[in-house]
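Engineer: Protein chains in written order, with the numbering used here: chain A, 20 to 341; chain W, 20 to 341; chain E, 21 to 624; chain G, 21 to 624.
Careful, some of the hints might be misleading.
Claimed, not checked - Cut-off 20 Å, straight-line C-alpha distance, at most; resulting in silico cross-link-like pairs (EDC-like, lysine to aspartate or glutamate):
| no. | chain 1 | residue 1 | chain 2 | residue 2 |
| --- | --- | --- | --- | --- |
| 1 | W | K203 | W | D222 |
| 2 | E | K596 | G | D567 |
| 3 | G | K130 | G | E142 |
| 4 | E | K72 | A | D56 |
| 5 | G | K137 | W | D30 |
| 6 | G | K168 | G | D113 |
| 7 | E | K175 | A | E330 |
| 8 | A | K145 | E | E289 |
| 9 | E | K137 | G | D489 |
| 10 | G | K72 | W | D28 |
| 11 | G | K246 | A | E242 |
| 12 | W | K145 | G | E289 |
| 13 | G | K457 | G | D446 |
| 14 | G | K607 | E | D491 |
| 15 | A | K44 | A | E197 |
| 16 | G | K607 | E | E481 |
| 17 | E | K116 | E | D610 |
| 18 | G | K457 | G | E444 |
| 19 | E | K607 | G | E444 |
| 20 | G | K218 | G | E202 |
| 21 | G | K137 | E | E289 |
| 22 | G | K137 | W | D28 |
| 23 | G | K236 | G | E156 |
| 24 | W | K255 | W | D282 |
| 25 | E | K296 | W | E316 |
| 26 | G | K72 | W | D30 |
| 27 | E | K296 | W | E323 |
| 28 | G | K175 | W | D222 |
| 29 | A | K44 | A | D56 |
Said to hold, decoys possible - The following label-pair restraints were derived from C-beta to C-beta distances:
| no. | chain 1 | residue 1 | chain 2 | residue 2 | range |
| --- | --- | --- | --- | --- | --- |
| 30 | A | I267 | E | K214 | 50 to 56 Å |
| 31 | E | Q501 | A | G223 | 24 to 30 Å |
| 32 | E | G469 | W | I200 | 22 to 28 Å |
Because the hints were derived from the structure by calculation, they are not lab data. Note that this is a predicted model, so its numbers are computed, not measured. C-beta: ideal position from N, C-alpha, C; glycine also.
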Amino acid sequence: MKAKDYLTDQDVRWCPGCGDYSVLKQLTEVFEAIGADPDNTVLISGIGCSSRLPYYINTYGLHGLHGRAPAIATGVKLASPDADVWLVTGDGDALSIGGNHLIHLLRRNVNVPILLFNNEVYGLTKGQYSPTSQPGQHSRSSPLGSIDQALNPLTLAMGANASFIARSMDRSPAHLREMMIAAKAHHGSALLEIYQNCNVFNDGAFERFSNKQHTIDHTFHVEHGKPILIGKDQDKTLQLVQGQVEVIKLSPAGDLSQAWTHDIHDPIKAYALARMAGDLRPFGIIYQCERPVHEQEVHRAMAEQGQQSLEVILHAGRIWEV
Amino acid sequence: MKAKDYLTDQDVRWCPGCGDYSVLKQLTEVFEAIGADPDNTVLISGIGCSSRLPYYINTYGLHGLHGRAPAIATGVKLASPDADVWLVTGDGDALSIGGNHLIHLLRRNVNVPILLFNNEVYGLTKGQYSPTSQPGQHSRSSPLGSIDQALNPLTLAMGANASFIARSMDRSPAHLREMMIAAKAHHGSALLEIYQNCNVFNDGAFERFSNKQHTIDHTFHVEHGKPILIGKDQDKTLQLVQGQVEVIKLSPAGDLSQAWTHDIHDPIKAYALARMAGDLRPFGIIYQCERPVHEQEVHRAMAEQGQQSLEVILHAGRIWEV
Amino acid sequence: MPDSSHKIVILLAGDSGDGVQLLGSQLTQGAAQSGQDVRTLSDFPAEIRAPKGSIAGISGFQFQMASTAVHEPGGQADVLVVFNVAAYVKYRDQLKPGGILLASTDGFDKRSRALAKLAPDEDPLEEARVSFRTLECNFQTVTKEALKDMDLGSKAVSRAKNMVVLGALTWMYAFDYIMVREALANKFSGELAKVNDKAFMAGYYLGETAEWSAFKHVMPSHTLPKGTYRTLSGSQGIAMGLAAVAHQSQRELVFAGYPITPASDILHELVRQRSKGITTFQAEDEIASVTAAIGASFAGKMGVTASSGPGISLKAEGLGLAVMLELPLIVINVQRGGPSTGMPTKMEQSDLMQALHGRHGEAPMPVIAIKSASHAFDVMLMAAKYAMEAMTPVMVLSDAFIASSAEPWRIPDLSQLLQIRPTEADISRMPYERDAKGVRPWIPVGTPGGAHRLGGLEKQEGSGEVSYDADNHQALVQARQAKVMGIQSSYPELTLNLGSKSDDMLVIGWGSTYGSIHTATEQLRRQGHAVAHLHLVHIYPLHPDLDAVMAEFKQLVVVEMNQGQLVNVLRARCPKHMAFIGQTSGKPFDALSLTETLLNTMSS
Amino acid sequence: MPDSSHKIVILLAGDSGDGVQLLGSQLTQGAAQSGQDVRTLSDFPAEIRAPKGSIAGISGFQFQMASTAVHEPGGQADVLVVFNVAAYVKYRDQLKPGGILLASTDGFDKRSRALAKLAPDEDPLEEARVSFRTLECNFQTVTKEALKDMDLGSKAVSRAKNMVVLGALTWMYAFDYIMVREALANKFSGELAKVNDKAFMAGYYLGETAEWSAFKHVMPSHTLPKGTYRTLSGSQGIAMGLAAVAHQSQRELVFAGYPITPASDILHELVRQRSKGITTFQAEDEIASVTAAIGASFAGKMGVTASSGPGISLKAEGLGLAVMLELPLIVINVQRGGPSTGMPTKMEQSDLMQALHGRHGEAPMPVIAIKSASHAFDVMLMAAKYAMEAMTPVMVLSDAFIASSAEPWRIPDLSQLLQIRPTEADISRMPYERDAKGVRPWIPVGTPGGAHRLGGLEKQEGSGEVSYDADNHQALVQARQAKVMGIQSSYPELTLNLGSKSDDMLVIGWGSTYGSIHTATEQLRRQGHAVAHLHLVHIYPLHPDLDAVMAEFKQLVVVEMNQGQLVNVLRARCPKHMAFIGQTSGKPFDALSLTETLLNTMSS
Ligand SMILES: Cc1ncc(C[n+]2csc(CCOP(=O)(O)OP(=O)(O)O)c2C)c(N)n1
Ligand SMILES: Cc1ncc(C[n+]2csc(CCOP(=O)(O)OP(=O)(O)O)c2C)c(N)n1
Ligand code: SF4
Ligand code: SF4
Ligand SMILES: [Mg+2]
Ligand SMILES: [Mg+2]
């Protein structure tokens, strides 16, 4: 199937220019690339602009309740462990009302890739600040600037012992596809944070990370086993100094042995990278590990323990004849 | 007021031998020590054995809804920013149903100490496994062993950008009091995890950390600026090796300069310590930082923005005379 | 020759980018300031910004204005103003035959027709010219011309089109253009203010130059009681009502909410309003918002929360707690189309039974229904009075229609507002010791000597300690009920909204159907039918005189925007046959067809 | 000389450590196996383990046995067995004057009296000897003696006391001691089995040696239909019923729950039972459990969830979603004392109105009420049938009484079980294309060519795509309603549970009041009153013949453990005066006093 064959005939109802279009497009291309089977693929979402995505993809889909997509997806996985279930959610959906279900999904390690559209705002309800909004953000519910501290989806996931965390962006199609494929390939819950521009209510929130002119100063890409290199000339790297990640020049210049080598299996450094919430941020797979997958454990335990027939159950324990 | 004056005349209704008694006792002693004002002290709890505590303390108290204590406490703090509000909760209450409210309280940094009684079981409902139960735990809802992975309250808090995390134990009264006092003194949300023995449904869960014979092999205490020393002879320390915290011998023996010096302000190392969920675990204040306190920010912003009288509000905008 | 009928319904429609809602609010404001009574109805598209030119993306604004009192935004329109062909297609059935169609022809070109998914050769204006009196004008060109010396891009020009239309309609209905112009000057600043003013004036002169005089319509002015007026939407009525609560009760408020359509506007209004004594809190979800409000009430401030549909369902457990704690709390339900996520931007009255019974256990709480924007203000005071005087949560029902509908409102004299006397912090009583009215004391955190513990477990009458005693539980279930019934003593007299006890038929309604029922009943009465109208404000407890009033009539009809909710409550207490007229289309009753339905009910 | 009345009520009481519940279950099991019909009632203390010897810590177990059919655990007891003085103080008022008091005197010493907060010189046994026939025995000594060669600590001895009592009562009522002994042998193993057996036999011989023959009471045997029997509690009935659902529907189930008293036992039973085709999931809360169950149903298995009080309130939003998605779902509400946290271990029927209306919007779903443990099994099959055949969530009401009450139950023949034919995965129909019964297809994830999208927004009839169309919404609100009404066609006939249409008065009940109402009605009939009993199983939709049945009677009375819920539903559809008898004390109706109340109602 071609990418466009994965689209339904529904009119896509996002605002013109919304970053959601890119994510939708990359997802259909990823579906083509991995040969997703529409009969066995399920998209589960909550409520929000982002959560409308399942309507546009020609697979099984459920547009559920605000915040509850992780629980619904867990139910689908318990019933159909072999289905390819994807979770589609927004920063409000996943981190405000749905934060608890998300962390429990991550801890249980239900085998689903999670596409978390982070636009740092509630789009669908017309622009209130969200848990990922930056302090001071002006919005309909904070016309004079929000005072809330922001939640960091990636550190939160590390706190819940997630087995995969990664970050990408609506405006980096190739990278986004790569990350989606990696999240799908991961065995367990894979949280992919996607910076997504809401051009109506929070335009430019990620401008410094996505605008070609600035991106080189504000972003770096991590890859397992590769040095972390920063800046136009790739002459800087990171180091941990008393709990802070600092940018240092490689010295002597070009000596890569001085560079921080990215190890996706190192949870501590992953946490350090995930904490980088300022003007310089990592993209790519930040952490990954292997852990037992929930629905498999459930069914393994059921098989081990043995299942009883109705006849046996009804006659178990003390019975007598009259 | 003396410690015992802080007790109500209610019969305490925990099982004989329950670790909750110790926490109650230490809390009254802490109240004596800090001279807590019963007119201005408020205990907010959810539902669970642990959450019954407010009934026994002669201050303001609210035994709320399962999981919702953080939200109720936030409401109290918004209305009475100067009240000394304490949050009392259990592993089920705070981390199962209430996980979302907890992380949002921590991120907002509402100024409350949090006493999280972790007995790794649902006590009040008679012994089902909880989110902190170890995989394989036998319980009423997992007679053949639970398959769920455990949630770690301290890493979760680090994920939510908590400003204070600490751990103590029902069976270490002096240490518990010290931690309670520190949590109270902290300016912001202070999560204190208390290992608490449920001798009816999960007896001995923390035996290796609390039994005098074993404790030295399984626990270590951290203090800001002090070296982390481990073992009977205090001849070992920790080091970070590729994302794992490892125990190493000090060599040369006694050379404290080799030791890991605990820095409560280092979030990365704090996260590493918090992740230690095996047979060796840290006790004490693991992390602390200063961040704006929510209710103060709210009231500061209100003061800055100015508040309008009813008269002004009614006549704001376009009005006309008839 | 200028026409001068007394009531006119105007429907404005265009892409969300066309600024139809702004146009509508400025125009109705102008109408009101020019002496018209006005009721409005916004029809938002479900999407934030659907594809340009598509029918799904059309936003509508309807209003009725009259030189006598009006109560609803009207049914079919006398005038339809459309910015493009999609708007025309969406709303053409709502324009009366022979009505005026004002069409911006730039929105009817080939491209626009394609966007609206019409056949390439289909020109709907042809058909329109037959059925309606059309006024066709390329507003894009007019606007461009008007702004030609301002060096604007075509997008910016487009965006000012609504101001040209505003000017044209201001001229057409002879509104006081100076006031409208002033209002614009206040609303916008800098470059934009200049652009808008130019566009507005161009529109104002357009009528003359374009020779639209045949369409000019001078409205006689409505004689309103003297006073200072403003326009008020339901969301504003609630927000201002809460400000009045703080003022009247001398208690501060904590409003905790979580965004949801259409309730969010209450939060938006409150943060904008910055009312003395009101703290607002955007919580992480609806459960947190109701429980934070309860925490605030425990601390001694008045906790308030608001939501819609799914959010109200989530608050069920919290409301039960408030019942048990016997703490004051106001919860506002801005109803929308259900069930589930349903139709978030549409109106419905289908949460009444939930308001009464949507909690486990015997958990009675007062339920009050708002009938219009201005009524919202009054209801907030009532709700707070019952909550703080009887120590109980109170449910207020509003809906999507009331939330955004606007009307002229006489700003009340503060000295005339309802008195609220919050229950005292009487520490001489035990926490659950009731006074003569069955009400326990309200002891804020920080009250010296007032330390006490509350909880959701059943409690010993008096002491408030936990109790599992059978007789005590039985007694407390009844005491909580009796206390709620006690608020009846503060109810205003029950008066018929139209008609008298000697009429034959009584039409009973509640909430936002007020305008439609009132208009329909008035119409029937004018036709000589003995029909009265009673609009219930107090849904629980019902007014103590209600049974007696119902007993007076031969025929009873209940009208609701649901499948039959209040009607079953009334049937359970009144042996008489009760007819029911229901509708769940997401739209208000059309007064005209309601009149007919009532007529049929009468004769059947 | 052995007495031989036909019905005996025995009440056992002691500290939670005394093993009263175990004693009770073994004893009733013995009674049942010896040919008695039995109904039980557990009275748990609210605390896990309250202080030893305190009244708050007393756990009670009551049962009625009879050689004819019994329907309830009985009112006042004929025999009270107490392990200590606190138990006596708590329950003395429940022993009939002249009844038998079997007291373990070791629990009446000074220390025990102090723990029960009696005055040091107060000896309640003195008073007891006057009012009751007392049997006093130091069971601690007897047990110690019996186990003397086993080298046990005094705690272990104490713990075996209940087995001595079990033996003594087995002798006293001439139960088949070999069966009881066998059952113990099966239940316990190793050392403990030996200890218990010795203690049991010591108790059995005690009666003879202690010359208690005057108290011996041989029960005639109840003639039951032939078959294989077991005892069944309500929680077991539900768990086994779900196993039967998997068997009958050939569909696997996913049960998702979150612990809460008294619903948790369903989860406990299910995990113990390890039923083929049932996956269990302990979720992080009730919202996750209902939505996970919905996810499972979407995937094509049958989602089931259960909870009580607060947990049911939290599921409101999820239930509304299931209504909108038109997916099968079973939600079981094991009602407890409310509101809020209320009285978690006590029974009440106060969630009926919530079951009907506790969701926003028009969200109708079938509601079925369980009346007893064995009925629970049948109701699960019905619920699943309606859910899977009509594609709807179904609410099942149980309560704390039913959950733990046990009765003998004839294991059904599998071939006789209700047939369930889940809606087919008919991909030739559109996702929301209804069949003749108004039911849409159920297309499990993985069905080739079946890909489709569901959601909580209103949908276009047929295609299921999102729709905000007014007429469509109106039609779908009605279609969802009509589909639910459609299950009436699968209802069994409506038959009176006692009496006939020619009687004067009809007593209507639902749920766990079955036994008390039945017993009371039977009593009145025996006294010559023309009273009939109708116990409703289908609360929504009501049985189509109900109105006609009600119309036949001169007098109608509704009996409920609430403040009047079903009665108002019925009043809304029946013009006749309807009397109401309610109780919210957390305890079941006492059949005797209910008889009197009914009598008063009749004559009033
Ligand atoms: C229970 C409930 N509460 C609130 C809402 C209203 N609501 C819908 S979407 C949304 C926020 C969505 O934010 P996000 O997940 O970031 O999605 P976005 O629109 O930004 O993509 C809210 C608050 C709802 N539908 N249900
Ligand atoms: C909404 C809701 N769900 C479930 C329950 C039942 N419940 C009460 S306490 C509890 C778990 C308590 O566990 P924890 O917080 O660890 O407290 P502990 O008893 O172990 O101290 C549960 C599930 C409830 N009261 N309310
Ligand atoms: S509101 Fe924002 S997030 Fe939503 S569709 Fe529009 S641009 Fe996208
Ligand atoms: S059940 Fe466990 S936690 Fe609860 S009171 Fe008893 S020992 Fe303590
Ligand atoms: Mg968002
Ligand atoms: Mg616990």
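Engineer: Please go over all the hints and tell whether each is borne out by the structure.
Structural biologist: Outcome of the hint check:
no.	hint	in the structure
1	W:K203 - W:D222	violated (29 Å)
2	E:K596 - G:D567	holds (17 Å)
3	G:K130 - G:E142	holds (9 Å)
4	E:K72 - A:D56	violated (34 Å)
5	G:K137 - W:D30	holds (12 Å)
6	G:K168 - G:D113	violated (37 Å)
7	E:K175 - A:E330	violated (74 Å)
8	A:K145 - E:E289	holds (14 Å)
9	E:K137 - G:D489	holds (18 Å)
10	G:K72 - W:D28	holds (18 Å)
11	G:K246 - A:E242	violated (73 Å)
12	W:K145 - G:E289	holds (14 Å)
13	G:K457 - G:D446	holds (15 Å)
14	G:K607 - E:D491	holds (10 Å)
15	A:K44 - A:E197	holds (13 Å)
16	G:K607 - E:E481	holds (19 Å)
17	E:K116 - E:D610	holds (13 Å)
18	G:K457 - G:E444	holds (13 Å)
19	E:K607 - G:E444	violated (36 Å)
20	G:K218 - G:E202	holds (13 Å)
21	G:K137 - E:E289	violated (59 Å)
22	G:K137 - W:D28	holds (15 Å)
23	G:K236 - G:E156	holds (15 Å)
24	W:K255 - W:D282	holds (18 Å)
25	E:K296 - W:E316	holds (17 Å)
26	G:K72 - W:D30	holds (12 Å)
27	E:K296 - W:E323	holds (13 Å)
28	G:K175 - W:D222	holds (18 Å)
29	A:K44 - A:D56	holds (17 Å)
30	A:I267 - E:K214: 50 to 56 Å	holds (53 Å)
31	E:Q501 - A:G223: 24 to 30 Å	violated (56 Å)
32	E:G469 - W:I200: 22 to 28 Å	holds (26 Å)
Checked against the numbered hints given earlier, this structure breaks hints 1, 4, 6, 7, 11, 19, 21, 31; the rest are met.
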